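Chain by chain, the residues run as shown.
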Amino acid sequence: MVTRTEQAMGARTARQSRTRPSLHFFVIAAILVMALIGYAAVIWSGHVRGYEPSKLVAARDLAFFVPIFAVFLWLTRKQRYRGEMVLFTAAVFLFAVGQLAQYRLFSDPEYGARGSERAAAREAKAQTIRLLNIETGYDDEKKSFMFGSEDAVPQTSAVRLPTARKYSLIDILKSANTYIPLAALFAFAVAFKLFQRESVLLWLQRHALVISLTTLFPFALLVLVFSKGGKFLGQTTPWEGVKVLFLVSFAGMLTDTYNHLRRTRWGVPPVRYLVPFAAIAVMPIVPFFALSDFGQMLVFLGVYALLYFVAVRKKSQVAYAIALVAVLFAMFFATSNATTGFGVPGRVHFRFYQWLHTWEPPPADTWWWKKDFERYLEIKGLAPDPSNAGEMRRLNAEAWSDKVLQPSQGIFGVHEGGVLGEGLGLGFPETVPVSDSDFIYSAIAEETGLAGTLALLGTLAAFVLAGSAISLATTDMFSKLLAAGLTAFIGLQAVVNMGGVLRLLPMTGITLPFVSHGGWSLITSFAMLGILLALSHRGGGQQPKT
Amino acid sequence: MLIPFILTLIYSAVGLVIMALVARAAWRRRNPPAPADDSASRAYAESGPGITNRWLRGARVLAVSALAAVFFMHSYWLFWADSSKQYVQAKRLDARNRRLGESGLKGWVLDRTGKLENALIRYRSTGGLIARDYPLGPAGVHLTGYSDFVFGAGGIEHAYRDWLTESASITNALLSPIPVGKDLKVSIDSNLQRDVFNLIDGTGKPAAAVVLLLPNNEVLAMASSPSFNPRAITDEKTWRQMSTQAEATPTRSPLVNRALGTLVTGGPAFYYRPGSTFKTFVAGVAIDCGITGEKFTCKPDGFTPPGSARPIRDYGGESHGTIGLDEAFKVSCNQYFAQLGLKLGRQRLAQYAERLGFADSPGDEPSRSLNLWQVLHGDKGDFEFIFAPPGPRMNLSPSASSYDLALQSIGQGFDDATVMSMALLASVAASSDGALAAPTFEFGATRKVVSTFITPQSAARLRTLMRSVVESGTAAGAFASRRGSVTAGGKTGTADRDVLVYDREGQPLVSYRDKDGDPVYKTERWTDAWFIGYAPAENPQIAYAVLVENGGQGARATVPIAVQIIERAAARGYVNLKH
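Just so you know, the sequences run in chain order X and E.
Going by this note's numbering, the first sequence runs without a break in its numbering and finishes at 546.
Going by this note's numbering, the second sequence runs without a break in its numbering and finishes at 1579.
There could be a bad hint or two in this list.
[As the list claims (entries may be wrong)] Computed, partial: chain X to chain E, Cβ under 7 angstroms: (1) GLY38; (2) MET146; (3) GLY425; (4) LYS480.
[As the list claims (entries may be wrong)] Here are the in silico distance ranges between beta carbons for each label pair: (5) PRO1398(E) with GLY381(X): 38 to 48 angstroms; (6) GLY1552(E) with GLY148(X): 48 to 58 angstroms; (7) GLY1137(E) with GLU378(X): 34 to 44 angstroms; (8) GLY1114(E) with ASP385(X): 44 to 54 angstroms; (9) SER22(X) with ASN1031(E): 22 to 32 angstroms; (10) VAL200(X) with ASN1031(E): 24 to 34 angstroms; (11) TRP1027(E) with VAL33(X): 16 to 26 angstroms.
It should be emphasised that the hints constitute simulated quantities derived from the structure, not laboratory data.
Computed from a predicted model, the values in this text were never measured in an experiment.
C-beta: ideal position from N, C-alpha, C; glycine also.
My request is simple: use the sequences and hints to build the entire structure.
If you want it as structure tokens, here you go:
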């Protein structure tokens, strides 16, 4: 057990220069200024584009900086935090960028509206721009021709559409968007308090298997019994938090066995250690597979593989794993022309096909596509003659472009954004379905351009660097693996999300940590941040155990 | 527009500075010092965690490279996506286009008077809604086209899209997210256009007419019937039906601009036989070659070209006896011109046909007469896709027999022409220099000579022939009531062709099936009526061509329309009938 005095000594000697709270205080203040400018831009463009963004919501969003500063001061003053602060600042930056992007999207009455309401909102916006154009672009002759006299041009303010919903103070207080960030900050503080305790870490390490099993069963139950289409009641995913528990238990189990797994024969670890280990490691994947949450699966597998290789440190095993993945891929693509998936769901085939050929429709009778195509025809009320090849080809192309609407709109948005962006509130991210969560990267890219996303990517890189520095600084295997795992989880999740939007990877439907709109995902991300900071706070104050 | 954009630039700049500060801090402390305790340090390095750090550093490089890969992929979509044809094609369906189209104000299309009330395309405000409006409706749709976010645009809306959406004013471009486009002034007179359309539409048959303003060959009016309302495109079902029909049976489709032989959506449709109006061409060649003194005999049983068994007869089995060029042109004698054509020979005909842009050996697909039109504004490629008519053509290659040659001399057989190409022939005859000037749809074009067809003297001589048609020839009847007030020159035409017969669903009727079981479709013989010419007779100011499909004999169906066109044009000041 590390005493308070030892902590204080450590802070005075080796790590005196580790953290400069004043710099981070200044940077967070700069983030507040940046957010202020961003909200002003969105409100201004809303007026140009025909809607009135709610200033109350903007004030609420900016008010989040009060608890953020409070947590910052709590960390530095009350907790005498002496670990890595970059992570916290980077997370606040990402959070602020995400909040602004969400504010912009949800202010737009077209975004989130459906059917005729959506069309009405779109038209109302278009009319405002037209009137504005007539005001500023037409000469008096045309104005009086169109409206009888040049002064009769209707004022844009008269036709401007307020936001789809008017928010009152009560609405804002009741809104999940208000208390979720607060809950996230609370989760951060709790995680920080818990994980800096030696006893907690030791207990977690010793009971890794129990944690894994006791988490798995309620999780599986929740998923199999209550979930619908990958979502719990009310479109939430309360199982987001189990990611942390699985990661903790995996790190714990790995700490116990990695020395055995190192003893290889022909590059293969002893079977009596490997098999039970692999079986337990794969277990959490199963419920995610049942949820068709392939993004989460991909991130889990990636992080598990990374932790395994880092702990076991055997090049031969890396080679085997790469070979195995290559063989699996070869098998997958070899069977892609078959009439069945051999157990691989059609959705996976669809995602891969869409990744490689976004704008090239598959033949109408492809097994994983046929049903969707028929559903499309049904919804549209079309009954084409199957013998009319030209007609079928046209409809197939139409159905396909409808199906890939989200990814292609996302990429068009990235393209439109250019280097400097269209301007906040001046692009059309509302044409990308759910661009507040999975596709938030394309919304940011469209409106702030490559410059804005470079800031995002650079901050994520800083997060990864700082997170791995924490892992490097820890002296016991469990903390090291836990820190590496949490950092890798956030980094990999970000790469899978952004790569999916940009067609670097297949699209998987996963959120961008700290940035995307999402209740449990945000809370979990901040809890992870809390654990990372706790591990950093502990620093090297503990003797190596193994 | 400008202010939020500047705010965004500041936002991104502050973001980049913050990123740089955070990244610098992270970079400087990326490698933490080893534990201070010595004994711990050795154990640390030799056992597990210490060596693990090497692997961790490797993993870190991997993670940062993945983020760099994201950055490069982003750059790919910004800078290189445009080079992918597939991407460019898919981008056309971008939902942003619709928002841009609905929010922007394209330029107005004004007629040659420049008056707003005469605009061909404008914006209208009804009940607070600003909508693009086509005041001419069906009367001008083949010109104006239409514009839709799903089905694209046609006519001027497509041909001049670039010009109409190009920002007109800098202040507006700075203040508005989607700036106002430039106006376009076209050579059309919208009132005359409406009159001409009503005239041809009144026949109740498919018909087309073109009126050119001399000497620059500006198109004053260009009408085609049957027509459709530009709003038809807003109804998906109707539009789908119309475009399917245009593809399957273009001869019945209202989407065909019969004046140009093109589809309003772009692309060629079909040709007409010019009939006797083509004798203007043959007569012009004969005059220019000095072969005007020939007399040929026309017999009641027709003229049989050498090497052929089929005779060429005159309309209604008439026989004109032994006549000269003047008389033959006036009465439109087929036998005379068949013999004259053979006398001129394929080489001479080909030489003169080329000057008018005729191809002398036809391919299967109509080629477009590109580079003929004067395009001052907008994109030439877009313009030609929509408006360039199929190039007129003949078959003067060695594969054509003397019978084919004789038929082509009277505007039948392999002669393929459009109403526009015949109007241009009339404009050449009407010109003082016998030259073909490039036509245009734009106001302010100057005379641009493409090629000289015949000498000025030959043109004057040709005009005396054409004048005699109106004064005492085949067109004299319809002009009789206007004698003294309207003077003109012209040539009537009657052209036969076989067309498919359709049932009520639009399916072609099958006459019988041949021995392979392939259908042989039922056809009926249509007689297209033509009149081409110019007015007034002295110092011509306009040239025109009128066609009524299956209108019967040329003089009866089309000449009265031409007379009224001349009068309407005179009323609007384009023709000076007072001497």
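Proposed interface contact between GLY425(X) and chain E, which counts if any beta carbon pair is under 7 angstroms: holds, 6 angstroms
Whether the CB-CB distance between GLY1552(E) and GLY148(X) falls inside 48 to 58 angstroms: This hint holds: roughly 50 angstroms between Cβ atoms.
Status of the GLY38(X) interface restraint (C-beta, 7 angstroms, chain E): holds, 5 angstroms
Hint check for VAL33(X) and TRP1027(E) - Cβ pair distance inside 16 to 26 angstroms: Once the Cβ atoms are compared, 24 angstroms apart, the range 16 to 26 angstroms for VAL33(X) and TRP1027(E) holds.
MET146(X) as an interface hint toward chain E, with CB separation required under 7 angstroms: holds, 5 angstroms
Cβ distance range 34 to 44 angstroms for GLY1137(E) and GLU378(X), holds or violated: Holds, at about 37 angstroms.
Proposed interface contact between LYS480(X) and chain E, which counts if any beta carbon pair is under 7 angstroms: Result: holds, 5 angstroms to nearest chain E Cβ.
Cβ separation of PRO1398(E) and GLY381(X), checked against the hinted range 38 to 48 angstroms: violated, 57 angstroms
Verdict for VAL200(X), ASN1031(E) (Cβ pair) under range 24 to 34 angstroms: Hint holds: Cβ distance 28 angstroms, inside 24 to 34 angstroms.
Range hint compliance [Cβ, SER22(X) to ASN1031(E), 22 to 32 angstroms]: Roughly 23 angstroms apart at Cβ, these two residues keep to the hinted range, so it holds.
Supplied distance hint 44 to 54 angstroms, evaluated on CB atoms of GLY1114(E) and ASP385(X): Holds: the Cβ-Cβ distance is about 51 angstroms, inside 44 to 54 angstroms.
In this structure, the one hint that does not hold is number 5.
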